[in-house]
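Peer 1: From just these sequences and the hints, can you work out the full model?
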Amino acid sequence: MLQFAIQDADLQPDQWRQELLDPACGGYASFEGWVRNHNDGEDVLRLEYQAYAALALKEGQRILAEAAEKFPIAHAKCVHRTGALEIGGMAVWVGVSGGHRDECFQACRYIIDEVKHRVPVWKKEHYRNGDSGWVNCEACAAGGDHDNGHRHD
Amino acid sequence: MKNIRIEYFAVLREQAGLDSETLSTAAETPQQLFAELNERYAFPQLQSVKVAINDEFADMQTPLHDGDAVVFIPPVAGG
Chain F
1308 MLQFAIQDAD
1318 LQPDQWRQEL
1328 LDPACGGYAS
1338 FEGWVRNHND
1348 GEDVLRLEYQ
1358 AYAALALKEG
1368 QRILAEAAEK
1378 FPIAHAKCVH
1388 RTGALEIGGM
1398 AVWVGVSGGH
1408 RDECFQACRY
1418 IIDEVKHRVP
1428 VWKKEHYRNG
1438 DSGWVNCEAC
1448 AAGGDHDNGH
1458 RHD
Chain S
106 MKNIRIEYFA
116 VLREQAGLDS
126 ETLSTAAETP
136 QQLFAELNER
146 YAFPQLQSVK
156 VAINDEFADM
166 QTPLHDGDAV
176 VFIPPVAGG
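Top to bottom, those sequences are chains F and S. Residues are numbered in the working numbering as their position in the first sequence, beginning at 1, plus a constant of 1307. Residues are numbered in the working numbering as their position in the second sequence, beginning at 1, plus a constant of 105.
FYI, nobody ran anything at the bench for these hints, they're computed from the structure. Since this is a predicted model, take the numbers as computed values, not measurements. Heads up, a few of these hints could be off.
[Claimed, not checked] Each computed DSSO-like pair below joins lysine-lysine, with the alpha-carbon atoms no more than 27 Å apart:
#1 S:LYS107 to F:LYS1377
#2 F:LYS1377 to F:LYS1423
#3 F:LYS1365 to F:LYS1423
#4 F:LYS1377 to F:LYS1365
#5 F:LYS1423 to S:LYS155
#6 F:LYS1431 to S:LYS155
#7 F:LYS1365 to F:LYS1431
[Unchecked claim] Selected chain S positions facing chain F (in silico; Cβ < 7 Å):
#8 PHE114
#9 ALA115
#10 ALA157
#11 ILE158
#12 ASP160
#13 ALA163
#14 VAL176
#15 ILE178
#16 ALA182
#17 GLY183
[As the list claims (entries may be wrong)] In silico contact screen, one side only, chain S against chain F (beta carbon under 7 Å); selected entries:
#18 VAL116
#19 PRO168
#20 PRO180
#21 VAL181
The beta-carbon is built from N, C-alpha and C at its ideal position, and this holds for glycine as well.
Peer 2: What follows is the structure in structure tokens.
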């Protein structure tokens, strides 16, 4: 099973872990991305995710297929949230099961890294000082001047 | 002239003040179309912009056709 999804409701990792159970699998690795209360020195109060769903689903599914091609895993699932999230909320979940731990860890890492780079999802941060901004976006104005120290990971 | 449907996301949606619109345009490529929209909406300068045509990634120089659905993709920030 290789499945990428987007949803506006809370993520349900316990339920999805069950979907990855397989008697042929000896390993399972998962990753949860949480909303952090700070970014680039700003106090973040909450986040808002927006997705271009039609393309995000295709690209997400391609990433899972690539992971299964690169690493001998059995199953992989990834779900990304959209909508408003509070601090501590889960924004993204990745789960992988396979024969052994090594491929599970590697595939899980591959999936979350590629999802962050390639899937058309955007994050708007709302700050304590009343400002808000689309991450990787308005901060890049003024010709990619990085003096605010923000990261492009 | 072609009729092109454009859907906006993230900072482009905010700046355009629209989720989507259909434009009659002489633009031959997404590059030209983005320049036209930029004149209209004065988008903030972005580090990069990608494009999707009919829900698939495309090159900014791909020829546009009547009825195409275009989405400009500012730098993504998932996870």
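Peer 1: Does each hint hold? Answer for all of them.
Peer 2: Okay, the hints, checked on the actual structure:
Between LYS107 of chain S and LYS1377 of chain F, the direct Cα distance comes to roughly 42 Å. Violation of the 27 Å bound is thereby established for this hinted pair. For the suggested pair LYS1377 of chain F and LYS1423 of chain F, the alpha carbons sit about 18 Å apart, so the restraint of at most 27 Å is met. For the suggested pair LYS1365 of chain F and LYS1423 of chain F, the alpha carbons sit about 14 Å apart, so the restraint of at most 27 Å is met. At roughly 18 Å between alpha-carbon atoms, LYS1377 of chain F and LYS1365 of chain F fall within 27 Å of each other, so this suggested pair holds.
Of the supplied pair hints, the one linking LYS1423 of chain F and LYS155 of chain S holds, its CA atoms being roughly 15 Å apart against a limit of 27 Å. Pair hint LYS1431 of chain F plus LYS155 of chain S holds up; C-alpha atoms about 19 Å apart against a cutoff of 27 Å. For the hint linking LYS1365 of chain F to LYS1431 of chain F, the alpha-carbon distance of about 23 Å falls within 27 Å, and the restraint holds. The beta carbon of PHE114 of chain S is positioned within 7 Å of a beta carbon in chain F (closest approach about 5 Å), and the interface hint is therefore held.
Below 7 Å, beta-carbon pairs count as interface contacts, and ALA115 of chain S has one with chain F at about 4 Å; its hint therefore holds. Annotation: ALA157 of chain S was flagged as interfacial toward chain F, and the flag holds, the nearest CB pair being 5 Å apart, inside 7 Å. Interface restraint check: ILE158 of chain S against chain F, minimum CB-CB distance 10 Å, threshold 7 Å, status violated. Because the smallest distance between the Cβ of ASP160 of chain S and any Cβ of chain F comes to about 4 Å, under 7 Å, the interface hint for this residue holds.
Interface restraint check: ALA163 of chain S against chain F, minimum CB-CB distance 11 Å, threshold 7 Å, status violated. A hinted interface residue such as VAL176 of chain S counts as satisfied when its beta carbon comes closer than 7 Å to some beta carbon of chain F; here the least separation is about 6 Å, so the hint holds. Because the smallest distance between the Cβ of ILE178 of chain S and any Cβ of chain F comes to about 5 Å, under 7 Å, the interface hint for this residue holds. For ALA182 of chain S, the interface hint holds, the least distance from its beta-carbon to any beta-carbon of chain F being 4 Å, beneath 7 Å.
Taken as an interface hint, GLY183 of chain S checks out: its beta carbon lies about 4 Å from the nearest beta carbon of chain F, inside 7 Å. For VAL116 of chain S, the suggested interface contact is upheld, since its CB lies about 4 Å from the closest CB of chain F, less than 7 Å. At about 20 Å, the closest approach between the beta carbon of PRO168 of chain S and any beta carbon in chain F exceeds 7 Å, and the interface hint on this residue is violated. Of the supplied interface hints, the one on PRO180 of chain S holds, with its beta-carbon coming within about 4 Å of a beta-carbon of chain F, less than 7 Å.
The closest approach between the C-beta of VAL181 of chain S and any C-beta of chain F is roughly 5 Å, which is under the 7 Å cut-off, so the hint is satisfied.
Figure legend: structure checked against the earlier numbered hints; hints not met, in rising order: 1, 11, 13 and 19.
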